[in-house]
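Protein chains: 2
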Amino acid sequence: MTPRETTRLDRRGFLGAAGLAGAGLAATATGLRAAPPAAPDPLITTVQDWARTLGDGVQARPYGSPSQYEKHVVRRDVEWLTASRESSVNFTPLHELDGIITPSGLCFERHHGGIAEIEPGKHRLMINGLVDKPMVFTVEDLKRFPGRQNHAYFLECAANSGMEWRGAQLNGCQFTHGMVHNVWYTGIPLKTLLDEAGVRTNAKWLLAEGADSSGMTRSIPLEKGLKDCLVVWSMNGEALRPEQGYPVRLVVPGWEGNMWVKWLRRIEVGDQPWHQREETSKYTDLLADGRSRRFTFVMDAKSVVTNPSPQAPLKHKGPNVLSGLAWSGRGRISRVDVSLDGGRNWRSARIDGPVLPMSLTRFYVDFDWNGQEMMIQSRAIDETGYVQPTKDELRKVRGVNSIYHNNGIQTWLVHANGETENVEIG
Amino acid sequence: MTPRETTRLDRRGFLGAAGLAGAGLAATATGLRAAPPAAPDPLITTVQDWARTLGDGVQARPYGSPSQYEKHVVRRDVEWLTASRESSVNFTPLHELDGIITPSGLCFERHHGGIAEIEPGKHRLMINGLVDKPMVFTVEDLKRFPGRQNHAYFLECAANSGMEWRGAQLNGCQFTHGMVHNVWYTGIPLKTLLDEAGVRTNAKWLLAEGADSSGMTRSIPLEKGLKDCLVVWSMNGEALRPEQGYPVRLVVPGWEGNMWVKWLRRIEVGDQPWHQREETSKYTDLLADGRSRRFTFVMDAKSVVTNPSPQAPLKHKGPNVLSGLAWSGRGRISRVDVSLDGGRNWRSARIDGPVLPMSLTRFYVDFDWNGQEMMIQSRAIDETGYVQPTKDELRKVRGVNSIYHNNGIQTWLVHANGETENVEIG
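Chains L and D, in that order, are what the protein sequence lines are.
Under our numbering, think of the first position of the first sequence as 285, with each following residue one higher.
Under our numbering, think of the first position of the second sequence as 285, with each following residue one higher.
Be aware that a few hints might be false.
The list treats identical chains as one, so a pair stands whether inside a single copy or across any two.
When the alpha-carbon atoms are kept at most 27 angstroms apart in a straight line, the in silico DSSO-like pairs for lysine-lysine are as follows [said to hold, decoys possible]:
hint : residue 1 : residue 2
1    : 406       : 675
2    : 599       : 511
3    : 680       : 599
4    : 566       : 355
5    : 475       : 599
6    : 680       : 475
7    : 508       : 475
These are calculated hints, taken from the structure and not from any lab test.
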């Protein structure tokens with residue numbers, strides 16, 4: 285199948301490339317001989333710019349950074365969303381990324397008291413409460429425990445897509461779904477440290493506390509802490525980034541993001557939840573009748589089409605690649621369906637790359653676009669059989685008072701000119 | 285099992301943490317009440333620095349960077365190694381990393397004419413030679429082809445560990461083994477583009493050409509190009525880095541690094557190899573009798589212990605974690621053996637994380653160190669049954685004239701004080 289624009293571009297591009305050879309550049313490298321182009325070609329100059337002169341050598345950047353032509357690929361915030369940037373959030377540019385791993389420099393940020401700049405040699409992690417032996421560990425101590433593990437897990441803020449409950453339509457998947465990232469973590473099971481301290485038989489809950497100025501605290505069931513929580517010091521192969529909890533953070537696979545306490549300084553063992561501020565006045569789902577859902581820890585199956593999307597419109601008719609991400613806090617993604625007509629007809633997407641439990645999963649649909657208007661949706665199904673609901677199905681059950689746990693199906697309207705917008709359909 | 289230092293640190297650390305609570309910080313956050321410390325504790329001040337004041341808010345760094353305390357984690361070069369930095373190499377800090385993925389900013393660099401700073405909108409990829417229809421593609425064209433794929437592959441320079449042939453002993457795995465990295469790539473099979481252009485029946489070889497000022501060119505058997513080579517534009521989820529070939533590079537899984545042509549501008553199809561400079565005067569293995577091994581494409585199974593190593597000595601007796609990396613250009617790693625006594629006794633290492641074909645694989649050995657001198661070695665076995673050889677076994681066959689394809693077993697001598705050095709043993 286030949287992309288139509290490709291064919292059109294071939295001729296122009298080929299002249300350019302031939303001219304490039306004629307200019308002696310390809311000749312130098314390969315001995316290729318080609319006649320100079322019939323007419324001057326703009327490509328000749330632009331190619332010469334980077335092929336005629338020496339570029340920067342090694343060590344120009346001992347720690348590398350993206351190309352000057354990728355400056356638009358950044359985290360972005362919404363200034364009206366919060367009163368201050370020290371207690372605020374920004375968003376991962378999902379529409380600019382591919383595969384399943386989020387680059388560390390682009391993982392969305394959520395702070396409640398700004399980024400703690402911790403000197404790792406002076407940081408301590410305390411285990412106290414209902415334990416036989418309260419303990420305090422240095423970061424170096426943690427790295428000496430047996431059973432070190434590596435896992436890729438998604439972290440999603442409970443408020444991700446929260447502005448969509450009442451139909452606010454932020455124009456871009458970065459803003460509607462960008463409070464999620466997916467990272468490789470290196471660390472040890474929290475169970476290893478709890479076993480070290482000796483958890484008392486009447487223990488039922490854990491309190492995780494951060495060392496930042498907000499002293500973020502969340503209550504976590506002991507059962508989850510013993511099952512798969514990790515104490516980690518590394519993300520994507522290198523040390524945690526400051527905004528992600530350097531030097532130590534808690535990983536709570538599949539559960540809402542603010543339980544993954546950053547700058548982790550203390551785990552207290554108790555027999556009941558603490559009902560801290562960030563699990564009562566915040567991170568609680570207020571229902572239509574004024575009651576609240578208590579402790580909605582798990583992030584249910586969800587998906588979003590990242591391309592096309594409002595920040596990444598369609599530019600060409602003919603062959604195109606639709607791409608997106610799916611994830612579930614209950615395990616692996618088993619299938620992703622995509623609709624181009626607002627949910628009337630569905631096709632299964634092609635899932636590529638590793639399908640890991642509680643990790644972002646990448647899907648593609650290779651399709652031809654003839655310029656017709658489209659209503660693009662995606663629907664995730666996880667290995668428990670759970671099917672991602674529509675927003676209306678969610679609203680029927682949960683009302684529109686909450687800002688948390690909106691995993692409803694998102695709709696992108698693609699216009700005939702390729703521009704794409706965030707819309708609500710019945 | 286209790287790390288001995290941990291127990292010692294507990295008391296001191298616990299006082300510090302209690303003092304921290306007494307200082308009212310933990311109290312603010314958790315309601316925890318604790319008596320002020322009996323004596324002033326150094327931790328109080330240092331903790332207060334980051335817990336008492338607001339840190340940077342979101343968007344302080346739209347594209348994030350590592351902590352100020354991680355400035356030592358960088359690529360490093362060896363100035364005497366090459367005449368200029370535009371045609372030189374630097375090294376991945378393997379001893380500072382964990383897991384299997386190399387952060388993009390720390391992937392070693394190898395340039396032959398410096399870093400081409402290519403404007404992606406003006407870049408073209410030409411397919412010419414023995415094809416029915418020569419074609420030129422823009423980067424946007426490439427992203428519209430069906431069948432986009434994601435794979436993690438190691439890239440190793442053929443000269444990695446080359447200075448070890450004659451027993452030069454650079455003091456650190458960054459320098460002895462750091463010309464390797466492991467990255468997630470997103471792109472399309474090269475076969476897709478060759479099929480588009482229509483490869484003639486007499487075609488047998490491909491020439492890959494780069495758009496940098498060195499016009500790097502390598503001959504690649506057509507069979508390999510059709511089997512698993514990729515044309516990629518993304519690494520670790522984001523655009524390729526300039527020093528890694530932005531905007532387009534060739535991926536040649538399991539084969540020597542300089543065939544993975546960066547800044548890829550042309551694929552020529554031919555009926556025989558071109559014998560370019562970088563595959564004759566360079567990247568050819570000179571044997572003891574003066575003859576050369578022709579086209580040694582595959583990188584054989586290899587491994588290295590990254591911790592402990594000369595740049596990462598042992599600091600504590602008692603529990604420690606030995607860690608390292610193994611890889612094979614012929615497929616998956618099936619086992620890694622580790623010796624602590626210079627190869628007399630071996631134990632199988634614990635492999636953690638995904639074991640992917642032609643990808644770095646992470647291994648660990650949890651061990652207790654009583655302070656005795658150790659001769660640490662690792663030995664990789666791949667799924668074909670190939671066993672990583674000793675350096676002497678390699679020298680018997682290949683002599684010491686070559687600088688390429690040294691996959692011999694590395695030895696680290698750990699002294700009683702924990703300092704570690706690169707040594708040769710019989």
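Going through the hints against the structure:
Taking identical chains as interchangeable, the C-alpha atoms of residue 406 and residue 675 are never at most 27 angstroms apart, the minima being 47 angstroms within one chain and 43 angstroms between chains. Proximity of residue 599 and residue 511 under a CA criterion of 27 angstroms is satisfied in neither setting, with 47 angstroms inside one chain copy and 31 angstroms between copies. Taking the shortest Cα distances, residue 680 and residue 599 never come within 27 angstroms of each other, neither inside one copy (37 angstroms) nor across copies (60 angstroms). Within a single copy, residue 566 and residue 355 get their C-alpha atoms no closer than 35 angstroms, and across copies no closer than 37 angstroms, so neither meets the 27 angstroms cut-off.
For the identical chains of this complex, residue 475 and residue 599 are inter-copy neighbours only, at 25 angstroms across copies versus 51 angstroms inside a copy, given an alpha-carbon limit of 27 angstroms. Within a single copy, residue 680 and residue 475 get their C-alpha atoms no closer than 40 angstroms, and across copies no closer than 50 angstroms, so neither meets the 27 angstroms cut-off. When the C-alpha separation of residue 508 and residue 475 is checked against a cutoff of 27 angstroms, the pair qualifies only within one copy, where the shortest distance is 10 angstroms, while the shortest distance between copies is 47 angstroms.
Hint compliance for this structure: hints 1, 2, 3, 4 and 6 are broken, all remaining hints hold.
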